[in-house]
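Novice: Sequence:
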Amino acid sequence: MTQFMNKKESIVTDAVDGIVATSGGKLARLDGYPHIRVVVRNDWDKSKVALVSGGGSGHEPAHAGFVGEGMLTAAVCGDVFASPSVDAVLAGILAVTGPAGCLLIVKNYTGDRLNFGLAAERAKAFGLNVSMVVVDDDVALPDLPQARGVAGTLFVHKIAGAMAEAGASLDEITSRVETVIAGTKTIGMSLDTCTVPGAPKEARIPYGMAELGLGIHGEAGVEQIQYTDARQAMDAVCGKLASHMAAGSHVAMLNNLGGTSVLEMSVLANELAKSEIAGKLKWIIGPAAMVTSLDMRGFSVSVYPATKEDLKALSAPCPLAAWPGLKEITPSKVLNLPDGLAPIKPLPSEHADTRIFLTKCCETLIACESDLNVLDAKSGDGDTGSTLAGAARALIGSMDRLPLADHTQLYRALGQELSQTMGGSSGVLLAIFFAAAGDAASSGLSMTGALKAGLARMREIGGANLGDRTMVDALYPALEALDESLAKAALAARAGADHTATLTKANAGRAAYINSQQLEGHNDPGAEAVARLFEHLRDQAA
Numbered sequence: 179m180t181q182f183m184n185k186k187e188s189i190v191t192d193a194v195d196g197i198v199a200t201s202g203g204k205l206a207r208l209d210g211y212p213h214i215r216v217v218v219r220n221d222w223d224k225s226k227v228a229l230v231s232g233g234g235s236g237h238e239p240a241h242a243g244f245v246g247e248g249m250l251t252a253a254v255c256g257d258v259f260a261s262p263s264v265d266a267v268l269a270g271i272l273a274v275t276g277p278a279g280c281l282l283i284v285k286n287y288t289g290d291r292l293n294f295g296l297a298a299e300r301a302k303a304f305g306l307n308v309s310m311v312v313v314d315d316d317v318a319l320p321d322l323p324q325a326r327g328v329a330g331t332l333f334v335h336k337i338a339g340a341m342a343e344a345g346a347s348l349d350e351i352t353s354r355v356e357t358v359i360a361g362t363k364t365i366g367m368s369l370d371t372c373t374v375p376g377a378p379k380e381a382r383i384p385y386g387m388a389e390l391g392l393g394i395h396g397e398a399g400v401e402q403i404q405y406t407d408a409r410q411a412m413d414a415v416c417g418k419l420a421s422h423m424a425a426g427s428h429v430a431m432l433n434n435l436g437g438t439s440v441l442e443m444s445v446l447a448n449e450l451a452k453s454e455i456a457g458k459l460k461w462i463i464g465p466a467a468m469v470t471s472l473d474m475r476g477f478s479v480s481v482y483p484a485t486k487e488d489l490k491a492l493s494a495p496c497p498l499a500a501w502p503g504l505k506e507i508t509p510s511k512v513l514n515l516p517d518g519l520a521p522i523k524p525l526p527s528e529h530a531d532t533r534i535f536l537t538k539c540c541e542t543l544i545a546c547e548s549d550l551n552v553l554d555a556k557s558g559d560g561d562t563g564s565t566l567a568g569a570a571r572a573l574i575g576s577m578d579r580l581p582l583a584d585h586t587q588l589y590r591a592l593g594q595e596l597s598q599t600m601g602g603s604s605g606v607l608l609a610i611f612f613a614a615a616g617d618a619a620s621s622g623l624s625m626t627g628a629l630k631a632g633l634a635r636m637r638e639i640g641g642a643n644l645g646d647r648t649m650v651d652a653l654y655p656a657l658e659a660l661d662e663s664l665a666k667a668a669l670a671a672r673a674g675a676d677h678t679a680t681l682t683k684a685n686a687g688r689a690a691y692i693n694s695q696q697l698e699g700h701n702d703p704g705a706e707a708v709a710r711l712f713e714h715l716r717d718q719a720a
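Residue numbering for the sequence shown follows the working numbering, starting at 179 and increasing by one per position.
Note that these hints are calculated values from the structure, not bench results.
Glycine is no exception: its CB is placed at the ideal position from the N, C-alpha and C atoms.
Certain hints may be false.
[Said to hold, decoys possible] DEER-style ranges, computed between Cβ atoms: (1) Lys523 - Ala381: 50 to 58 Å; (2) Arg579 - Ser421: 40 to 48 Å; (3) Glu506 - Arg409: 19 to 27 Å.
[What the hints assert, rightly or not] In the PhoX-like style, the derived pairs of lysine-lysine whose C-alpha atoms are separated by at most 20 Å in a straight line are: (4) Lys486 - Lys460; (5) Lys224 - Lys204; (6) Lys452 - Lys418; (7) Lys490 - Lys460; (8) Lys460 - Lys505.
Please put together the full structure from these sequences, using the hints given.
Specialist: Structure follows, in C-alpha cells:
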C-alpha cells in the first residue's frame, strides 16, 4: 500500500520533527538522530517528578503527543513497533530528571521492559532516583503469563501527570499508579490488520470477520468472530470486559486504533453507552485516536474503577490536543421540533393494492442499493443506492400512517415523508415532485398527468433538463410513454438511462463536478434507479 512517507528508514525521525515543529514551541527533541529520538517538554525545570514513557512508534499520538503540561515530561520513540534502545531511554531520563526523581511508565512488552529497565539501572548509577511501573491492562488472552500493555496506559499517564504537576513525590505517584494499573482492563477489536510502512500487509482477517483481542502491534487476538454490525462488535468486547470489572462506577476509554472513521467511532460510543456494562460506566474519555496501531480499522475499550482522587486527576487541566478529556456519560436529551416544523400527520387509510404497489417499489430500490452505490462511485460520492434504500425502508416502516386510499393526499404524504427521511439533493427534489403531484391531482388531473406536473415542478426548481445526466433522462421519457402502457414506459426509461452512459458532461447533480473520463460508459445512478423501478413494475404486471 502506498503511504505518505519519504523512506521507511526515516519515517519516525520525520514524524518526530513534524511533532516538534507544530508544537508551538512547547516541545523539543534531543540531538542524537537517528538512533536517539526523544521528545521533551521545552518548559521543564526539573523541580518536579519527571514522567518518561515511550516504546515503538506507530501508536501516535502516543507517546510524543502526550508530552506536555499535565502529562509526560519526555517520550522515547523507537522504530515502528520496536522498543527504543537503552541509550535512547537513558538519554531521556538524564535530560529531564532532577532531585525529585523520575517515573518510567512502560507497556508490558519484553523489549520495552528490558530496555527501559536497564536504562533505569544505569540512571540509578548516575545517582538519580528512578522508579518504573509496567502496565499490563490487556485481558484478551487470559492464558498469557504476562498480559500486554495497551491503551489503558493513558490512565497512568494522566493520573501520574496530574500528581506530578501538583508536586507529589515519586513514591506517592508510584504507589498510586500501581493501584491504577491493577484496576485497569482493556480489550480491542478490529476488522482488519494494520499496514507496517514498507512491508506487505498481512491479510489475516477475512472479509466479514472481526478479530477480538488483537494487540496494538497487530498481534493475533483470542478469536475471530463473524461480524454483523457495530452493536454485535461492542457486545463482544463488553462481554469480555464484564467479568473483569469490579463493583462500582468506572471510567471508560474508547480508543480508535487508527483507521476507524470518526463517524464509526460515534456509533461505537452510542453502543457502549447502551451495552451490558453501561450501568457501571459513569465517565468516558474519547472516542478518539489515542493509542493507535497505524491504520488498523478497530477500536479498544478500557475501563477503570476510579476513586475521587483519580477523577480529580483525570479531569485536571491538560492543554494537549491529543488528550480528549474526561466527560460524564449522560442520557441523550431530545428537544421538541420548533413550531412550524412538526409535520401535520395525514389521516391514515387502508388500500391493499396501493400498499402492495408501494411496497414493491420500495423493495426494488432496496435490492438495487449495492449496484447503485457502485455506479454512483464512478460519478459521485457512492451513496445514491444507500440514500434511496434508506428512504424506501423508512417508507415501508411508515406505511400504516399513510392515506393509502386517498391518492391525492398520498402524494403529499410521500413528499412530506421523503423530506424528513431522505437526505441529499435527491430527497428534496423527490419531495418537491410528490408535493407538486399532489397539488395537480387535487385539481383533477389523472395519475400520469399529476406525475408529469410533479416532474415539471422538480425540473423547474432543480434546473435539470434532458441530456443533463440525471434521473430526468429516464423519468421524463417513461412518463411520456406511461399513457400507452407500462411496458413502453419501462422501455423508454431503460433507453433514457442507458443513454446517460454516452453523456460525458453532466450539467446538474453531483456528477457535474466530475471530469468526463470518469463519466464515460457509466449510467447515471438516478436514471438507472428509475429504469429498474419501471422494469420491475412491468415484470410484476406481466
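Novice: Hint by hint, note whether the structure agrees.
Specialist: Status of the hints after comparison with the structure:
no.: 1; hint: Lys523 - Ala381: 50 to 58 Å; result: 52 Å, holds
no.: 2; hint: Arg579 - Ser421: 40 to 48 Å; result: 45 Å, holds
no.: 3; hint: Glu506 - Arg409: 19 to 27 Å; result: 23 Å, holds
no.: 4; hint: Lys486 - Lys460; result: 13 Å, holds
no.: 5; hint: Lys224 - Lys204; result: 16 Å, holds
no.: 6; hint: Lys452 - Lys418; result: 16 Å, holds
no.: 7; hint: Lys490 - Lys460; result: 14 Å, holds
no.: 8; hint: Lys460 - Lys505; result: 9 Å, holds
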